[in-house]
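Undergrad: Residue numbers (this note's numbering), protein chains in the order written: chain A, 35 to 446; chain B, 54 to 160.
If you are wondering where the hints come from, they were derived from the structure by calculation, not from laboratory data. Check each hint, because a few of them may be wrong.
Keeping only pairs whose Cα atoms sit at most 25 angstroms apart, straight-line, the calculated DMTMM-like set for lysine to aspartate or glutamate is [said to hold, decoys possible]: (1) A/439 to B/70; (2) A/441 to A/349; (3) A/413 to B/56; (4) A/439 to B/56; (5) A/441 to B/66; (6) B/104 to A/91; (7) A/439 to B/103; (8) B/104 to A/409; (9) A/413 to B/89; (10) B/134 to A/105; (11) B/104 to A/77.
Using C-beta positions, here's what the derived DEER-type ranges look like [said to hold, decoys possible]: (12) B/103 to A/237: 44 to 54 angstroms; (13) A/178 to B/74: 14 to 24 angstroms; (14) B/151 to A/383: 27 to 37 angstroms; (15) B/74 to A/133: 27 to 37 angstroms; (16) B/151 to A/225: 44 to 54 angstroms; (17) A/127 to B/74: 38 to 48 angstroms; (18) B/132 to A/60: 15 to 25 angstroms; (19) A/107 to B/151: 46 to 56 angstroms; (20) B/74 to A/179: 41 to 51 angstroms.
Built from N, CA and C at the ideal position, the CB exists for glycine as well.
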Amino acid sequence: MNAQGMVIVGAGEAGARAALTLRSLGWTGAITLVGDESRPPYERPPLSKRHLVAEEELPPSVIADDRTLRDSGIERIGGEAAVRIDRENHLVELAGGRKLPYERLLLATGARPRQLSAEGTGAGELLYLRRFEDAERLRGRLRPRARAVIIGGGFIGLETAASAAARGCAVTLLEAAPRLLTRGVPQAIAERVERLHRQAGVEVRLGAAVAAIDRAGDALAIRLADGTELAADVALAGIGAVPETALAASCGLELDNGVKADARLATSDPDIYAAGDCCSFPHPLYGGRRIRLEAWRNAKDQGAHAAAAMLGSDEPYAVLPWFWSDQYDQTLLVAGLAEPSDTVVLRDLGEAGRLYFHLGADGRLSAVSGMGPSEAIAKPFRQAELLAEKRAAPPAEQLADPRIKLKTWLSE
Amino acid sequence: MSDPIWVEVCDAEDIEEEDVVRFDYGDRTFAVYRTDKGDYYATDGYCTHEKFHLSNGLVMGSVIECPKHNGRFDIPTGAAKRAPVCVDLTTYPVKLDADKVYIRIPS
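Start from the sequences, fold in the hints, and give me the full structure.
TA: So this is what it looks like as structure tokens:
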């Protein structure tokens, strides 16, 4: 046994996967997983979906319960934040004063919801969604006929709007930009998503910036830049996330839109690694472009990748970026990084949904996106995703023809 | 519990090579596979992580990948192969008879 162990700060998806992977890859020394949330690591994606739709509180989807962690020889320290890193002496100091020696350290500190800056006496009443407790607080407020105002037309805002509509709320969704899903989702899908919400009775207001939020009795009065005033019994902002970099900054690690990591996920200190929402890294599939992803699969995959890197692997992290969102009975999926200059080819799958192929200037697939009924779109999208992963270059007119199987190009 | 019974699923040709179909029997549901080598197998229908039907997943060689979160199972053994899945799938014996696929279901 090594006297010094592996320490992981952040017990979300990336941190938990890293801890489990370190053990499964054969590390026999100590592993300590530190998180400021008291409950065992759990999956965040359901928080905006089934947890909000449920009439009663649902237990969190636990990634690894305390028994599993104990059986794997992983010590979990919950409800206590790491407050300082002493790089010289390889120590992590916790809020309670305990000092953990590390051989290698992983920062999986995640991100926090970006706060809306608005004037008024009610701005502090806005809800945000990140943690289990946030979802429970929100669920309790989504009563039938409650007036729910959701600020932000990204994944969190749209999924929350869909859940609120399912609970019978009167939902208004505000997006400051002229369209929904401005980051990485093609216009055609954004328009279909907008239609879906309108059909469900959600009032979608585009180009709607919030100017002020005031208390009005038990409700909130939300004033828009154009002077419109909306009454809300519950209001949530989902306007992006800010990487948690304070710990990294305080010990002098380099930052660049997050904790700056190299292609292996090592930070500017070779004994400290980063993974998940807090981590920015150069992506080898996109010419080394530095990106940071806020996505479940990335957190899971980077956690596992960082674990291997901490044990000496030199492999670059080269997984295709991947996002999904469930809204009503539809799933939308994006794999890869689409460029505005890409040629977009539609493959209409009829009742199974639609696939959009993004072809770069070189004729190769840079990304795919899709939308359709959750069960039906999954398989065709996965095949399309594998094509994008290979950077395949199928002829556009054949991609558009649903009679030609996608498998045709997979085996090439 | 009485003896298992053999139940007809479909024609052998109804499952493409490297593919999977859904088969419902009573209140139970299964996934029936044909691997890249042409062998037939059967497992429980739903992924052990969340309730998504594996017949909507992708068969790659002798591995099935769940459509929702891309967890993977070894088809012949049902063994969980990749996170987030960690619980193995139950498998069921399969036989071919006169170009029809049968699975043995505990009744």
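Undergrad: Could you check the structure against the hints above and give me the numbers of any it violates, in ascending order?
TA: Hints 2, 3, 4, 7, 12, 13, 15 and 17 are the ones this structure does not satisfy, whereas the remaining hints hold.
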